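Protein chains: 2
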Amino acid sequence: MKLLEEEIRSRGQILPGNVLKVNSFLNHKIDPMLLEKMAEEWYQLFKNDNINKVVTIESSGIAMAILVALKFKCELVFAKKGKSSTLGNVLTASVYSYTKSKEVLISIERGYIKEDDNVLIIDDFLANGSAAEGLISIIQYAKANVKGIGIAIEKGFQDGGQKLRSQGYRVESLAIIDKMDYDTQTIEFKQI
Amino acid sequence: MKLLEEEIRSRGQILPGNVLKVNSFLNHKIDPMLLEKMAEEWYQLFKNDNINKVVTIESSGIAMAILVALKFKCELVFAKKGKSSTLGNVLTASVYSYTKSKEVLISIERGYIKEDDNVLIIDDFLANGSAAEGLISIIQYAKANVKGIGIAIEKGFQDGGQKLRSQGYRVESLAIIDKMDYDTQTIEFKQI
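As given, the protein sequences belong to chains A and B, one line each in that order. Quick note on the numbering used here: the first sequence kicks off at 38 and runs consecutively. Quick note on the numbering used here: the second sequence kicks off at 38 and runs consecutively.
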């Protein structure tokens, strides 16, 4: 998606350790008009897949995922991180967070994803694929179908995308970074 | 807002300790069509206030806040809880979380709220007002204007709403709970 690539080029910031900071428009301060266009793009890509549930993970995925769910007129479930006193009987998975440098438990209440639901996973980043794999394991435990994975920014130089695609999942990333360089602050996208 | 009250009555669950669980439609599994109507309600209430920024706090506020920001065609900033490696120079406040029973540091990057911004705060719950007060202190530090506070569910039997209104803030809660009772699972709303 050209528009997203342009925004990443003009407003993204490359930090040491292959961290791309998009806090100024995507996941801390958020441009809702951009997210609306991204949601429309995912909708066009998956509109023939009978999606009846969108699943994401707190917090950065929520803003884009609710706009996608609104297009599909279906419910959104976001996996919660850590413990909360208002969670009941939950399905869980362990996810490694690179930005927090630790394993994080993610939970979804049992029954919120139903057998045979057709699920679209939405998330802001795909790097090593740990978050997506955690969500997939919960969705599979609930006997629902992962119809696709919509990602805003895929780090193409890490192996998450390849792993998921080789397992047969349809991954639709709106921007795939081939290379990024901290010293020169330059970024190359894969032509999709 | 009648529709929200009905949803709370039919889908909410009262837990011990005056906790209202709305996980099945508002802040874990989410009904986007309901949130869209709530966003329209807040838009109608604040459309003459020159709102140019919506501010909320992760995670439960994000889904409703992005829909509000989209109506105002303005940016959304959500305060982050705890530490993140991708945060730079931040403004912070300490907020007491009753569901987590501890003080939580919330942060917004410096510069994301600008001097003279007209800010609408959106959040899912208002009880003792701690989260709203934390956001207000950050917004005031940034020399921006708090034009209003849009709340989904106010616990009218706790003092947050009264405190904020007596300080002159315009608080617009879509549902205000006067009373709720765990034993009988009944709930009474204030007539707004």
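Since the hints were derived computationally from the structure, they do not count as laboratory data. Just so you know, these numbers come straight off a predicted model, no measurement behind them. Fair warning: there could be bad hints in the mix.
[Stated by the list, open to error] Restricting the straight-line Cα-Cα distance to at most 27 Å, the calculated cross-link-like pairs of lysine-lysine (DSS-like) are:
#	chain 1	residue 1	chain 2	residue 2
1	A	K118	B	K137
2	A	K84	A	K108
3	A	K110	B	K120
4	A	K110	B	K216
5	B	K39	A	K120
6	B	K120	A	K118
7	A	K110	B	K110
8	B	K84	B	K151
9	B	K200	B	K216
10	A	K139	A	K84
11	B	K137	B	K84
12	B	K108	A	K108
13	A	K139	B	K120
14	A	K200	A	K118
15	B	K151	A	K84
16	A	K84	A	K184
17	B	K84	B	K39
18	B	K151	A	K120
19	B	K108	A	K84
Hint-by-hint comparison with the structure:
1. Taking the CA atoms of K118 of chain A and K137 of chain B, the gap is about 12 Å. The hint holds against a cut of 27 Å.
2. This hinted pair checks out: K84 of chain A and K108 of chain A have alpha carbons roughly 9 Å apart, not beyond 27 Å.
3. For a cut-off of 27 Å, the pair hint linking K110 of chain A to K120 of chain B is broken: about 34 Å separates their Cα positions.
4. Distance check on the hinted pair: K110 of chain A and K216 of chain B sit about 33 Å apart at the alpha-carbon level, beyond 27 Å; violated.
5. Note on K39 of chain B and K120 of chain A: the hinted pairing is violated, with a Cα-Cα distance of about 32 Å set against a maximum of 27 Å.
6. Of the supplied pair hints, the one linking K120 of chain B and K118 of chain A holds, its CA atoms being roughly 14 Å apart against a limit of 27 Å.
7. Between K110 of chain A and K110 of chain B the CA atoms are separated by roughly 22 Å; this keeps the pair inside 27 Å, and the hint holds.
8. For the given pair, K84 of chain B sits about 20 Å from K151 of chain B by alpha-carbon distance, which is consistent with the 27 Å threshold.
9. At roughly 18 Å between alpha-carbon atoms, K200 of chain B and K216 of chain B fall within 27 Å of each other, so this suggested pair holds.
10. As the CA atoms of K139 of chain A and K84 of chain A are separated by approximately 36 Å, the hinted pair breaks the 27 Å bound.
11. Distance hint between K137 of chain B and K84 of chain B is unfulfilled; the C-alpha atoms sit about 34 Å from each other, more than 27 Å.
12. About 16 Å separates the Cα atoms of K108 of chain B and K108 of chain A, which keeps this hinted pair within 27 Å; it holds.
13. At roughly 12 Å between alpha-carbon atoms, K139 of chain A and K120 of chain B fall within 27 Å of each other, so this suggested pair holds.
14. For a cut-off of 27 Å, the pair hint linking K200 of chain A to K118 of chain A stands: about 24 Å separates their Cα positions.
15. Taking the CA atoms of K151 of chain B and K84 of chain A, the gap is about 39 Å. The hint is violated against a cut of 27 Å.
16. A hinted pair counts as satisfied when its Cα atoms are at most 27 Å apart, and K84 of chain A with K184 of chain A qualifies at roughly 11 Å.
17. As the CA atoms of K84 of chain B and K39 of chain B are separated by approximately 21 Å, the hinted pair is consistent with the 27 Å bound.
18. Of the supplied pair hints, the one linking K151 of chain B and K120 of chain A is violated, its CA atoms being roughly 34 Å apart against a limit of 27 Å.
19. Among the hinted pairs, K108 of chain B with K84 of chain A is consistent with the structure: their alpha-carbon atoms are about 24 Å apart, no more than 27 Å.
Hints 3, 4, 5, 10, 11, 15, 18, counting from the list given before, are not met by this structure.
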